[in-house]
Structure formats: C-alpha cells, structure tokens
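All chains, full assembly: derive it from the sequences and hints.
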Amino acid sequence: MCGIAGSTADGEGRDVRAMCATLRHRGPDDEGIHADARSGVAIGARRLAIMDIDGGHQPLSNEDGTVWAAFNGEIYNHPKLRADLRARGHTFATNGDTEVLVHLYEEYGEAMVHALEGMFTFAIWDERAQRLLLARDRFGEKPLFLHEQDGELLFASELTSLLEVRPRLRELDPVAIDAFFVFAYVPGPGTIVPGVRQLPPGQLLSWRRGHACEQRSWWSPPERAVPRRDDPRAIAAEARALLGEAVRTRLVADVPVGVFLSGGVDSTLVAAVAAEESSTRLRTFTVGYDVGGVNETERARIVAERLGSEHHEVTLTQAQVAERAPVVLASLDQPLGDRATLPLHAVSEFARPRVTVALGGEGADELFGGYPRYRWLERARRVQAALPGPALGSLGWVLRRTAGFPPTARASVRLAPTPVLERNLDWVTGERRHLRTALYGPRLAALDEQRVLGDLAACAGELNGGPAARWLMHLDQRHYLPDDVLVKTDRASMLVSLELRSVFLHAGLAELAGSLDTSLHLAGTGKALVHAMLPAGLLPDRRGGYRKTAFRVPAAEWLRGPLAPAMQDQLAYGTLYEEGWFDRAAVGRLVREHAAAGADHSDQLWPLLALGLWADRFHGRDAA
Amino acid sequence: MGATPPERRGGRPRLLLLTPDYPPSPGGIQVVSHRLAAALAGFETTVLAPATPGAAEFDARSGVEAIRVRSPGALPGPARIGLLNAAALARAAALRPRLTLSMHIVTSPAAAAIARASGARTVQYFHAEEIGARPRLAAFAAGHATASIAVSEYTAGLVREAAARHGAEPGALHVIGNGTDVPEDPAPLADEPGRATILTVGRIEERYKGHDAMLRALPLVLAKVPQAQWVVIGDGSLRPGLEALAEGLGVAHAVRFLGAVSDEERNLWLRRARLVAMPSRLPAGGFAGEGFGIVYLEAGAYGKPVVAGDVGGALDAVRDGETGLLVDPADPLALAQAIARLLADPGLASRLGANGRANALAHTWPHVADRVEAVLLDALGGGGGR
Chain A
1 MCGIAGSTAD GEGRDVRAMC ATLRHRGPDD EGIHADARSG VAIGARRLAI
51 MDIDGGHQPL SNEDGTVWAA FNGEIYNHPK LRADLRARGH TFATNGDTEV
101 LVHLYEEYGE AMVHALEGMF TFAIWDERAQ RLLLARDRFG EKPLFLHEQD
151 GELLFASELT SLLEVRPRLR ELDPVAIDAF FVFAYVPGPG TIVPGVRQLP
201 PGQLLSWRRG HACEQRSWWS PPERAVPRRD DPRAIAAEAR ALLGEAVRTR
251 LVADVPVGVF LSGGVDSTLV AAVAAEESST RLRTFTVGYD VGGVNETERA
301 RIVAERLGSE HHEVTLTQAQ VAERAPVVLA SLDQPLGDRA TLPLHAVSEF
351 ARPRVTVALG GEGADELFGG YPRYRWLERA RRVQAALPGP ALGSLGWVLR
401 RTAGFPPTAR ASVRLAPTPV LERNLDWVTG ERRHLRTALY GPRLAALDEQ
451 RVLGDLAACA GELNGGPAAR WLMHLDQRHY LPDDVLVKTD RASMLVSLEL
501 RSVFLHAGLA ELAGSLDTSL HLAGTGKALV HAMLPAGLLP DRRGGYRKTA
551 FRVPAAEWLR GPLAPAMQDQ LAYGTLYEEG WFDRAAVGRL VREHAAAGAD
601 HSDQLWPLLA LGLWADRFHG RDAA
Chain B
625 MGATPPERRG GRPRLLLLTP DYPPSPGGIQ VVSHRLAAAL AGFETTVLAP
675 ATPGAAEFDA RSGVEAIRVR SPGALPGPAR IGLLNAAALA RAAALRPRLT
725 LSMHIVTSPA AAAIARASGA RTVQYFHAEE IGARPRLAAF AAGHATASIA
775 VSEYTAGLVR EAAARHGAEP GALHVIGNGT DVPEDPAPLA DEPGRATILT
825 VGRIEERYKG HDAMLRALPL VLAKVPQAQW VVIGDGSLRP GLEALAEGLG
875 VAHAVRFLGA VSDEERNLWL RRARLVAMPS RLPAGGFAGE GFGIVYLEAG
925 AYGKPVVAGD VGGALDAVRD GETGLLVDPA DPLALAQAIA RLLADPGLAS
975 RLGANGRANA LAHTWPHVAD RVEAVLLDAL GGGGGR
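Chains as they are written, first to last, in the numbering used here: chain A, 1 to 624; chain B, 625 to 1010.
Hints were generated in silico from the structure; no laboratory data involved. Any given hint could turn out to be false.
Here chain A is said to cover these stretches of chain B; the calculated rule only asks that three of the stretch's residues, wherever they fall, bring their Cβ under 8 Å from a Cβ of chain A [unchecked claim]:
| # | region |
| --- | --- |
| 1 | 701-708 |
| 2 | 810-824 |
| 3 | 827-838 |
| 4 | 862-870 |
Okay, the calculated beta carbon distance ranges per label pair [as the list claims (entries may be wrong)]:
| # | chain 1 | residue 1 | chain 2 | residue 2 | range |
| --- | --- | --- | --- | --- | --- |
| 5 | A | 211 | B | 885 | 41 to 47 Å |
| 6 | B | 807 | A | 537 | 31 to 37 Å |
| 7 | B | 885 | A | 244 | 36 to 42 Å |
| 8 | B | 876 | A | 572 | 53 to 59 Å |
| 9 | A | 216 | B | 975 | 36 to 42 Å |
| 10 | A | 279 | B | 850 | 41 to 47 Å |
Partial chain A-side listing against chain B, Cβ under 7 Å, derived [what the hints assert, rightly or not]:
| # | residue |
| --- | --- |
| 11 | 62 |
| 12 | 83 |
| 13 | 84 |
| 14 | 108 |
| 15 | 109 |
| 16 | 111 |
| 17 | 114 |
| 18 | 218 |
| 19 | 219 |
| 20 | 234 |
| 21 | 237 |
| 22 | 238 |
| 23 | 241 |
| 24 | 319 |
| 25 | 515 |
Glycine included, every Cβ here is placed at the ideal spot set by N, Cα and C.
Here it is in structure tokens:
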C-alpha cells in the first residue's frame, strides 16, 4: 500500500488528485481521495493491494466519518491490534490495516504510533479536532515529504508529487548538491530542493489551522553503550525469538512472498528463518553480473539448495546496465549514488511477476555491527589515544605507503589527529570530500565547506568518551540507513510495484540490538549476534573454498564499459556541467584516468553519473 | 566431632539451611531463605551463607543463627560457590544436622555430600531461573534430594523437565508458593499532587522482568491517563539502557528510577501506588523466567492490584480478574490497556486490591513456613533416605 498525499489548502482535492497521479507506480491498484471542503483539507492514497485486496480502499474513516486515514506501508501487528480494539468495542468494516489506524487513533490519539510494529507513513484527518496528524515509522522505511507555506501544509510520499503541483519549487539546492557529493545521498531532513523537507524517521507532525506545525520525536534508536551481565546465549535466544516473530509477521500477505538472497550472512539468516516459518516452499531471488568476477550468485545458489528453496537467478548484463541505468537513476525521486540501486532494481523487476512482496536483510549491518570499519576505527582511535603526536604522524605516513593491507591503510589514512567522525566519512566515501575544490564548478564554489561536516556532527551527537564503534553505529542508524539504504530499498522496489520488507527493522529486535554492549556485537568478525542466530552449515565456508568477501557491485567495470557513453554524454551535455555545478575539465580528467584503467575513480564518478542523469531529467532534459 | 550434637540440647532436630543468597543483600531467594529460617519453629536451624557487607549487623538483629563464609578478595562466582560448599561440608561435620535444606541448586553438591557422609536427609528448593541456566545441576539436585519444593507449578514443570532430560529421578515434589509480610495497617497514601503512580519493584538485571515492555506501554497509558507516572524501585545493570529507551520513546518525564531504596521508602511507595506492575515474560531458548514473583504478593499485602504477564510463576501468584490482571507481556497495547483500566477505575482497583490483601493474609511467611515444615518433617520421617 504505497503512496499518500495531502494538502490543507485543497478543499476540492484537485492538487491531491494530481499528486496521487504521480504516485501510480507506488500504488497501481487503486486510488482514493477524501476532501473536506469546509476545512480545506484533502488526503489521498494510491494503493498496491497486498492485504485485504478487495476491501482495502482508502482513505477510510471511522463509523461516523470524523476520522480519516491515508496510509503507506505495512502494520505487521495489525491482527493483534484489531483483536485488542474489538475487545474494546470497536467495529471493523474491512480486514486491512488502515482501519486499525483509525480506531487506534480514536482510542489513543497520537500515542497510537507506539502500538505499531511496521513500516509506515500515514496521515490522519481528525475532523472534530480539525487536526491533521502525520507520522513516520521508526527507521524511515517509508518516505514523507513536506512543503509548508503561509500556514498551509502539503505532503506526499515522493518529492516529485509535490513538485507536480508546486512547479515553482523546482530548483536545485546548492547545499544539498554539496552534501550529495560528499555522501552520495541527500541527507534528511533536507531534500534536493530548498522548499521541501522530509518528516524525519520516528517523528510526528501535527497541523491545525492558525497554529504553527508541532513536530516531535516519538522514537529514536537507543544510543548508550550498556555493559551487561546477561548470558550471551540468553540474548541470542531472545534475538532469535524476535527474529522469528519479525519474519512470521512479514510473511503474512494475501499475495506471494519471496526472499532476496545475496548469499551474505544477513539474507541467508532471513531466508533460513523464512523457510522455517513458511507453510509453502520458499522462493528466493538473487542477482549476479557478467563482469567483475564476483561469485555471489554461487554462494546464494548453495544456500538455496541447502534450504530447498525455489531459487531464481537473474544476471544483470552489461548490455542491460547500459540500457537500464540511465532510466533507473534518472527516475529516482531524489538522486541516489548508491551503486547497489541498479542490482536491487533488477532483482525486484525480475521477481515482480512471481511475488508481490519480498523480505530483505537491510539494516542488519547498522544495527548489529556488521561493517568492518566499526572495529577498525575503534582500534585506530585507541592507537591514536595511546601514541604521542609525532609518532602518530610517522605511523600514518608509513601506513599510507603500505599498499599490501588496504583495511589498515584506509583506517589509518588520517591517523594523525583527525576526528573519528571524519575518518569514518572518508572511509565510506572514498575521501570524496577532499576533491570538492578540484571538481566543483562556480555554482558550488561559494559554499561553506564545513557545513556538511557540521550537520553530520550534529546528527551524530556527542561521543562522550564511549566506544567510537557504538557512536558510529548510532550515526549510521540515523543518517546512512534512512537516507541511503532505505531510500534505495523503497524506491528501487516501488519503481516496479514490489514491496520490500526489512526483517531486521522489527522494533523489539532493534531495541534489543541497541541495548547491547558494542563489544558483544563486534566480537569475532563482527555482527556476532547475527552469526549466533544463523543455523550451522548453511553458508559456504572456507572449507568449501569460499572466502568471506564483501559483496561488490562492479560499478568500476560498468563505468569503463557499458556506462562510458552515458558518462561521455554527461560531460558533453549534462546539466551538472552546463549549469556550472561541476567542472567539466576536472571531471573529464577523472573519467579519462578511470577509462584507461590506471585508477579506480568509481567512488567519484558513480555519484556524479547518478546525480547528472537525475538532474537532466529534473530539468526536463533527459539524456536520451 | 567429640562435642555433643547441639540438637540434643533443645530436643528439636538440627536443620542446616544452605543458601548462596541471604540478606542483607536484596532479592527473592534472600527473603525466602531468611523468612523460613526465622519461622521454622520445629527445628534448630543454622544458616550457612556467604559473608556480605552488613551481614554481622543483620544477623545480630535477625535472631537467626547464621554462619557466614568469607571469601578472600573478589573471587569469581564459581570459586565462591565452591568455597560455600566446602564450608558447608566442614561445618556439617561439627553440627551433624539431621536435615539439610538447600535453598539453591548451587548448594546441592554439599547437601548431597553431607547426606552421603552422615545420612542426613536433604530437601531442595527450586525457584526458576537457575533451572534454565543449569538444567544438569538442577537434575542432580532433584535426584539427590529426599524431597523438593518448587515455588510454583511453573517451576515444578521446569524441575520435571530438567530431571527427565538428564535422567534423574526426583523425590517427592511439592509446590509451595512464596510468602509475604503483611503490614497491620497498610493505609493507602494519597497520590502525589497530579500524579497517579504505577509501581515496579525488583532488581533491574534480567530482561524478562519486562521493564522494557513497561516503557513501550507507557506512552499509551499516558494517552489515557496523562497524570500517570511509573516509579521504578530497584537497581541493576540494565538501568542505563532503560533510561536511554525512556528518552527515545519520549516518556522520560513520566518515569522515576529510584534505584535501591530502604524498606521504609519502598513501603511508602507501596502505600502510595495505585497499582503494582511487573509484566515478566518467558525468556526464549529454554531459559527460565519468573518463578513466583514475591512482589505480586507484597502488592496484595498493601491492598494493591497488580498487572503481570500471563506466564510463568505469576499464574500462581496472581489470580486473573481477582487479585490483578494478567496480560500478554509481549503486547504493549494489552499491557497499557490493563494499567489504564485500573488507573481509570478506582472501584475495580480497590476490589482487586482487597482480594489481594485477603490472598496475602493467607500466604504470610508463617503459613508458608508451616507448609515447608510439614515437608521437612515428612522427609525426616520417611524411610529410605537418599
């Protein structure tokens, strides 16, 4: 159920209808608008029918039509909520989850969000109180964009919808472009245009005419490291029970459900639990490539065989990349420089005729300490704290010149007194920020370079002497997860009308993970709790000749091969260079060096290509 | 060994009560051990327990004969338990008890050794958590005791399961719930101005006690009863995490973590609270949860209704709809509804509270001690010691 829109200055629902029309790909099956002429408020929804296929039309209301709801997402615990509400005398006309929201609101007001387990954004129009309530789920799995002007509020699941009815907002924000170049995504709550913002994850917004919008946080990931004495086996058992519940409730749908299986630890665990919980034969889907020498599909195939699933593989060929990348990257709602967008879109499109819902392992790395940098940067911080300044400087110098051991070298690239926050940023972004002066055109030249870092530091909060790893995990949960990982998940799947459900973002499981001491997560090779939950013998291991490798999308090869023409077109005609956002000659040098295979500049070129393709379409100048 | 066994002096059989948990350190097993030792009138009782800070003062006041076992420095847990068992054996040689009451499975090796050396009978107590953590030792303890006492039907089930799994044949297994002190005048205190108190009492060490579930339910309770506040008595390693969770959920303003407090202060809060809530749940993976939950009974002693999880020992300690409300402890909405219902309906709260009071009066420590004493005497009298 998949796209919502609304306005407080649209008594006839015209704008809302127009916005809903742009959300058709999110919800191809149905559309509905409720307009309240007296108050000027209208809310609407486009729907992908997954639950209660015939009875789930929305917006829908309570018995007397005083509370209306439009909803995007899934409430996994809705059967339980429904039973509780029935026991309190509420009557239900449908079997879907939207109606649960209406009655829950009647019962608990805005505190209702605390009863919800799921991914959602919703709008509730309370006619009696003349109040519009907007809410977004804990981690930001579902998007919500806002435009506020002169006391009026406009909202939609996609930025594109708002721009459809407010075309004058269609301008690029230099600050957002700068942040995009640094991160390869647009960090919330801002957007790529100056006049639109996002409702942050875990927040509520309440609108009443004549009052300022009230916005408040209702949930945020626990951030303190807590040493504890519980038996690790008991913790693993509790986590496993919660994971079982997460999978069980996410398997519920009136349409076929599958699992995206990469052959990594997270998706293998999801598939294993799903195979156990599923009453029918599990369907698994994997994407592979015809370039780059990654054995990902083979690992997934072995896992699938061991689980006995009905396994499907799709190969994203170079020819398909050439054809598809310009379209996909340009049609994203906001630019996204995550190179995994393409394969995720490809596997979603491939799976869509076979299943309408797929389970995925997103969030496990951020919640359970999966990224190696958490451990490396913590070690580097300890070294930094223990060594005097000059010794650090020389060590850094030596390590920078030691090519043989990349992780250490990278962790220590700026071993000199660079704050952990910046070292982490440089690790995940390939040090892109240091190229800003060299690559930026005149339109970005006047920017305050420190602003992006300042915003990031504000999002991270205080380190307060705790373990750096913990702090970085928390930052990733608030920054990278909602604004990159979950954007990719939502948009890539929604482009083909498939619903992707993230198993690890179960509220109880996330809170358990967040309450544990970091050392427990980082034990061994990291993500210790996920490993502890994984059935033995499922993943191919060293004995079988398989080395644990990070999954790599062959973006560097694509940029030399199938996407080289698109990159050349960008340089020749692209908005980014025509309008002076980036320096054509400087980027051109990177492209040539990369093409000659003398260097890998994909960390810089991929985001530039993604942004460029997107910007061309944004300005109505599709490269095609 | 030459001295006359002390029991002959008083004419009552000598009982050695072994426990790793004894006041003044806080906790349920501590309370049970002390209350039984004080109330078992038919026995000449000696307690053997670890030395803890303040123990001497406590023992002087309590009137129960206690031998304290000191452990040098900060010994790890298993070493301390080993020392306690060794001390028990050594002391038993002098005391020559006719009966050993082992209050925890970790003291069962000493009880078994004493039985073998002197023919003394053994009665073994079972609570819950320890059975899940060490099922093999629990089976050993049950298999080597003349009789066993489980604090609830739930606990008895755990004992049977552990014994069956590890091939032990337990002796007679009795279920005797825990007890409480009943204040003569538990007159309720008025609310703090503008505050309706929900009280939780217990150490914050185990996740299964459900403090996290309370936090998740609290926003929903506040939606119904805005003046509600949750007062948490007790301390433990999970507290900082819960404080962070309270902030994340935006309910920190309605939660007061008081830490460990004096009995007097605790009793004041029991008088002031509208209800006592502790939604203990069953841990996953075969680990055991709440064996009984003395606090449920204590709430009743103060005429307060309780909200508890519908699992484990609470099923024995709380009568659903009579002394309290039992809910699915994993369902924040159900929990919130039960709490809000009691806050909003003083008539219901006081009816359940009055029933709780009557129930507590029937389960005072002397009552419990009578039942335990009957089991002990039976164990002494029965033939064929183990």
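Hints, verified against the model:
1. Check result for the region 701-708 of chain B against chain A: violated, 0 residues qualifying (beta carbon to beta carbon below 8 Å, three or more required).
2. Only residues whose beta carbon comes within less than 8 Å of a beta carbon in chain A count, and the region 810-824 of chain B has 0; fewer than three means the coverage is violated.
3. Under the rule that three or more residues need a Cβ within less than 8 Å of chain A, the assignment of the region 827-838 of chain B holds, with 4 such residues.
4. Interface restraint, the region 862-870 of chain B with chain A: holds (6 residues with C-beta to C-beta distance below 8 Å; minimum three).
5. Distance hint check: the CB atoms of residue 211 of chain A and residue 885 of chain B are about 43 Å apart, consistent with the given range 41 to 47 Å.
6. Taking 31 to 37 Å as the suggested C-beta distance range, the pair residue 807 of chain B and residue 537 of chain A does not conform, at roughly 59 Å.
7. Distance hint check: the CB atoms of residue 885 of chain B and residue 244 of chain A are about 38 Å apart, consistent with the given range 36 to 42 Å.
8. At roughly 57 Å, the beta carbons of residue 876 of chain B and residue 572 of chain A sit within the given window of 53 to 59 Å.
9. The hinted window of 36 to 42 Å between residue 216 of chain A and residue 975 of chain B holds, with their beta carbons roughly 38 Å apart.
10. Range check, residue 279 of chain A to residue 850 of chain B: about 44 Å between beta-carbon atoms, so the 41 to 47 Å window is met.
11. The criterion of a C-beta within 7 Å of any C-beta in chain B is not met by residue 62 of chain A, whose closest approach is roughly 17 Å, and the hint is violated.
12. At its closest, the beta carbon of residue 83 of chain A sits 9 Å from a beta carbon of chain B; the interface hint therefore is violated under the 7 Å criterion.
13. Hint on residue 84 of chain A holds. Least Cβ distance to chain B is approximately 5 Å, under the 7 Å limit.
14. The closest approach between the C-beta of residue 108 of chain A and any C-beta of chain B is roughly 4 Å, which is under the 7 Å cut-off, so the hint is satisfied.
15. Nearest Cβ of chain B to the Cβ of residue 109 of chain A: about 5 Å, under the 7 Å cut. The hint holds.
16. About 4 Å separates the beta-carbon of residue 111 of chain A from the nearest beta-carbon of chain B, less than 7 Å, and the hint is met.
17. Taken as an interface hint, residue 114 of chain A checks out: its beta carbon lies about 4 Å from the nearest beta carbon of chain B, inside 7 Å.
18. About 6 Å separates the beta-carbon of residue 218 of chain A from the nearest beta-carbon of chain B, less than 7 Å, and the hint is met.
19. The interface hint given for residue 219 of chain A is met, as the beta carbon of that residue sits about 6 Å from the closest beta carbon of chain B, less than 7 Å.
20. Residue-level restraint check for residue 234 of chain A holds (minimum Cβ-Cβ distance to chain B is 5 Å; threshold 7 Å).
21. Nearest Cβ of chain B to the Cβ of residue 237 of chain A: about 2 Å, under the 7 Å cut. The hint holds.
22. Because the beta carbon of residue 238 of chain A sits about 5 Å from the nearest beta carbon in chain B, less than 7 Å, this interface hint is met.
23. Satisfaction of the interface hint for residue 241 of chain A is found here, the shortest Cβ-Cβ separation to chain B being roughly 4 Å, below the 7 Å cut-off.
24. Evaluation of the residue 319 of chain A hint against chain B yields a violated restraint, the C-beta minimum of about 48 Å exceeding 7 Å.
25. With a cut of 7 Å, the hint placing residue 515 of chain A at the interface with chain B holds, because the nearest CB-to-CB distance is about 4 Å.
Hint compliance for this structure: hints 1, 2, 6, 11, 12, 24 are broken, all remaining hints hold.
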